[in-house]
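> Now for the letters of each chain:
2 protein chains.
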Amino acid sequence: MSHLGPLRRGAWAALLHQLLRPPRAVCTRAVGCHSQVAEAVLTSQLKPHQEKPNFIIKVPKGTRDLNPQQMVVREKILDEIISCFKRHGAKGLDTPAFELTEMLTEKYEDNFGLRYDLKDQGGELLSLRYDLTVPFARYLAMNKLKKMKRYQVGKVWRRESPAIVQGRYREFCQCDFDIAGEFDPMIPDAECLKIMCEILSGLQLGDFLIKVNDRRVVDGMFAVCGVPESKFRTICSSMDKLDKMSWEDVRHEMVVKKGLAPEVADRIGEYAQCHGGISLVEEMSKDPNLSQSQLALQGLADLKLLFEYLTLFGIAEKISFDLSLARGLDYYTGVIYEAVLLSSPDQAATEALNVGSVAAGGRYDGLVAQFDPKGHNVPCVGLSIGVERIFFLMEQKMKAEILYKNNPKLLTQLHYCEKTGIPLMVIIGEQEQKEGVLKLRSVASREEVTINREILVAEIQKRLSES
Amino acid sequence: MSHLGPLRRGAWAALLHQLLRPPRAVCTRAVGCHSQVAEAVLTSQLKPHQEKPNFIIKVPKGTRDLNPQQMVVREKILDEIISCFKRHGAKGLDTPAFELTEMLTEKYEDNFGLRYDLKDQGGELLSLRYDLTVPFARYLAMNKLKKMKRYQVGKVWRRESPAIVQGRYREFCQCDFDIAGEFDPMIPDAECLKIMCEILSGLQLGDFLIKVNDRRVVDGMFAVCGVPESKFRTICSSMDKLDKMSWEDVRHEMVVKKGLAPEVADRIGEYAQCHGGISLVEEMSKDPNLSQSQLALQGLADLKLLFEYLTLFGIAEKISFDLSLARGLDYYTGVIYEAVLLSSPDQAATEALNVGSVAAGGRYDGLVAQFDPKGHNVPCVGLSIGVERIFFLMEQKMKAEILYKNNPKLLTQLHYCEKTGIPLMVIIGEQEQKEGVLKLRSVASREEVTINREILVAEIQKRLSES
Chain G
1 MSHLGPLRRG AWAALLHQLL RPPRAVCTRA VGCHSQVAEA VLTSQLKPHQ
51 EKPNFIIKVP KGTRDLNPQQ MVVREKILDE IISCFKRHGA KGLDTPAFEL
101 TEMLTEKYED NFGLRYDLKD QGGELLSLRY DLTVPFARYL AMNKLKKMKR
151 YQVGKVWRRE SPAIVQGRYR EFCQCDFDIA GEFDPMIPDA ECLKIMCEIL
201 SGLQLGDFLI KVNDRRVVDG MFAVCGVPES KFRTICSSMD KLDKMSWEDV
251 RHEMVVKKGL APEVADRIGE YAQCHGGISL VEEMSKDPNL SQSQLALQGL
301 ADLKLLFEYL TLFGIAEKIS FDLSLARGLD YYTGVIYEAV LLSSPDQAAT
351 EALNVGSVAA GGRYDGLVAQ FDPKGHNVPC VGLSIGVERI FFLMEQKMKA
401 EILYKNNPKL LTQLHYCEKT GIPLMVIIGE QEQKEGVLKL RSVASREEVT
451 INREILVAEI QKRLSES
Chain L
1 MSHLGPLRRG AWAALLHQLL RPPRAVCTRA VGCHSQVAEA VLTSQLKPHQ
51 EKPNFIIKVP KGTRDLNPQQ MVVREKILDE IISCFKRHGA KGLDTPAFEL
101 TEMLTEKYED NFGLRYDLKD QGGELLSLRY DLTVPFARYL AMNKLKKMKR
151 YQVGKVWRRE SPAIVQGRYR EFCQCDFDIA GEFDPMIPDA ECLKIMCEIL
201 SGLQLGDFLI KVNDRRVVDG MFAVCGVPES KFRTICSSMD KLDKMSWEDV
251 RHEMVVKKGL APEVADRIGE YAQCHGGISL VEEMSKDPNL SQSQLALQGL
301 ADLKLLFEYL TLFGIAEKIS FDLSLARGLD YYTGVIYEAV LLSSPDQAAT
351 EALNVGSVAA GGRYDGLVAQ FDPKGHNVPC VGLSIGVERI FFLMEQKMKA
401 EILYKNNPKL LTQLHYCEKT GIPLMVIIGE QEQKEGVLKL RSVASREEVT
451 INREILVAEI QKRLSES
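For the protein sequence lines, the chains are G and L, in the order given. The first sequence maps to residues 1 to 467 in our numbering. The second sequence maps to residues 1 to 467 in our numbering.
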């Protein structure tokens, strides 16, 4: 594991992320580039209005290109993830980018507006897939498969409002692992958590924690708190925002927007504060209110068994039973989980690293039946790795550029910065090392200042934000 | 290279392709599969109408899932292709699945109706990408890059009418390699052809040929044949269909549908019959009609230089200068090429293997300028590997299943066929081997017939088409 604390890495990352942007603009040359042959053809073929397009050249909102450097990072991440999936016996699967719209409806209640529909150009009504789980359930039902351990890597599309969720993409890559079929209770669920641990450790993203809960515990909690059954899903979706919003804001949404009685919301708030290990599971089983719910007790019994397996797997200390965890998607029916990266204490100041959950999943025992004409069901449990968020962190880690040279002349290094468009250069020579300072040089203006190490990050951030 | 002739393989393939389909349906069991826990949740959560969906469960027209066996085949193909691209120094790139619609317009004149547009849900107008070339040109212009050797692997979408082009998919995977920038003439073009040869040899698909022409030769030929300049692109698009349609049908389209004078079409028809090596290039340079076109002469001069490099690369015998080759896409400006697999003489009977071109590409020196606000241009040349068609062939090759067993009891093998849903079994025991016959057994009915090897393929095809 890296010896750099997340703050240092995060701050560095934030600036280096920006540092790497300019080169593409800087390193281009204005030379006329087309050959004589090409020119002849151009003259004969290009219509005048094509030479000066009257549109702004850009990618669609919420999407991006991955340049070759970024592709290397993504490949590294995918290799780590896929090799773990394969190690656990999963087989690959691929499904089309779009599905019949009717296959996707009623699967994502509160997120309904976020689907990309294709234009009706005659023929079938189609929508881009929203995740890889629903296509997997459709695949199982369509092929009448009762057992399958599969992984799938692919892009999914969600029309998230960029104003609400900053830094999220509308097109992003997911890596899913799922186990379909009847097995000994909680064994596949425990394997999913084991896989999440293996992948997050393997990617060396720093310390992490996996929050675990059970949809039945959530529903049972709602019931004993006095939430009307018709509001279970929508209140669940509100509670799911607790990782991005404060309890006050979530409570406000529950009460004002969703019409929940304030005292009911407050009761939920009390439970939502609880998190711990297997002892909390046992404690909650004896909770005078929660134990009134048979559904909650079923969930708690499964969680107890789950923790026993997690202890056997040696990963129990990475798992936290967390009653605030809800998972927004409608199709979960049992255990749910979500992995978050842990910040170091001094990281609270930087918001940049708050990338939300990096992996999540759960049990969805009712989804396949929704596709099967006879309602036959296949119990499933799985997980999804959020590649974009991991990518964001990995990219930052990998973008600090140090020029190793046989003969490290300063001039050569300066030329390198100029040629590749790096705007700022940090110089730590013998003298600087002795004095515990460093020189920060603006490559374009060639101006140099000596500064203390402590203020380096702030100074670079300041300069970059001004440029 | 395989010792099996394409016919034998092709015929085997066609039947094995079908042989492998049933298992998924056969091996499923009707056992009730959901656990008690799942049942409890289901009862509480599923609305009655969700248990019996009132839609037919299927994937969108022209798309398909790839099951784990197919994924293994695809992975093998992509590994071979990508490793060759990397060996030639290409870097990876990824672009979004959709682009702003305006980025895609005017790039594919005759194919305009085939684009998948997204529904206007507020915001930008978007379309699924039609190929990987236009996004690459957009990427170069957007980032003001003047030089890049990149590869990209990804899905593209075309709303092809399935009635017209059978066996083609509307969603398919392309592997592109392109060289952007100014280089010594025909060096990058020759490298592209070298790469095509390396990949097609590496995949062991049997013998192949790469047809080469030049857009300027095509246009020059049209000009000297008397095609009005306004009809160049549309007649070009007709000529491109020569690999799928007879000359008579193409001529009919040119004359009746596109209003070309019959004698003009006939003149084109004469040229379109010509194909050969460097000597044909030289011959055409002296052709009294064709040499009237400066454009054609430029193209021929480049082709001559290209053939010199191809000879140096040792691949000239794989390349055929073919005046019928046109390439439908509008953006080509120079050399164009298309790889086809060669059928053995006796293969003409089976239509199944007629998969069209497996790789194609060409020079497009005007495309980047169409995106650049100042009309700056970057000459480009590249190629695209049609993974679906290669997949179709590879899958067939890999699907003949032989059960290797330590103790190969016939009963065990029969059970295996029953369990995995294989409908037909071919048995070659000592006696059959001696007599040069074999037994064909219907797994379901357990009926066995002794037949001659020669009629095996026909017999299996007959039985499968009846079942």
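By construction, these hints were calculated from the structure, which means they are not laboratory data. It is possible that part of the hints are untrue.
Note that the list lumps identical chains together, so a pair holds whenever it fits in one copy or between two copies.
Derived DSSO-like pairs: lysine-lysine, alpha-carbon spacing no greater than 30 Å straight-line [said to hold, decoys possible]:
1. Lys119 to Lys194
2. Lys462 to Lys304
3. Lys61 to Lys119
4. Lys86 to Lys58
5. Lys194 to Lys58
6. Lys258 to Lys244
7. Lys399 to Lys409
8. Lys258 to Lys439
9. Lys86 to Lys76
10. Lys155 to Lys409
> Each hint needs a verdict: does it hold in this structure or not?
We went through each hint and held it up to the structure:
In this homomeric assembly, Lys119 and Lys194 never come within 30 Å of each other (Cα to Cα): the closest approach is 42 Å inside a single copy and 41 Å across copies. Within a single copy, Lys462 and Lys304 get their C-alpha atoms no closer than 50 Å, and across copies no closer than 58 Å, so neither meets the 30 Å cut-off. For a Cα distance limit of 30 Å, the shortest separation of Lys61 from Lys119 qualifies both inside one copy, at 18 Å, and across copies, at 15 Å. Proximity of Lys86 and Lys58 under a CA criterion of 30 Å is satisfied inter-copy only: 28 Å between copies versus 37 Å inside one chain copy.
Proximity of Lys194 to Lys58 under the C-alpha cut-off of 30 Å is found in neither arrangement, the shortest distances being 41 Å within a copy and 34 Å between copies. Taking the closest pair of Cα atoms, Lys258 and Lys244 come within 30 Å of each other only inside a single copy of the chain (18 Å); across copies the shortest separation is 60 Å, beyond that limit. In this assembly of identical chains, the alpha carbons of Lys399 and Lys409 lie at most 30 Å apart only when taken from the same copy (22 Å versus 60 Å across copies). For the homomeric pair Lys258 and Lys439, neither the shortest alpha-carbon distance inside one copy (56 Å) nor that between copies (71 Å) is at most 30 Å.
For a Cα distance limit of 30 Å, the shortest separation of Lys86 from Lys76 qualifies both inside one copy, at 15 Å, and across copies, at 15 Å. Within a single copy, Lys155 and Lys409 get their C-alpha atoms no closer than 45 Å, and across copies no closer than 46 Å, so neither meets the 30 Å cut-off.
This entry does not satisfy hints 1, 2, 5, 8, 10, going by the numbered hints stated previously.
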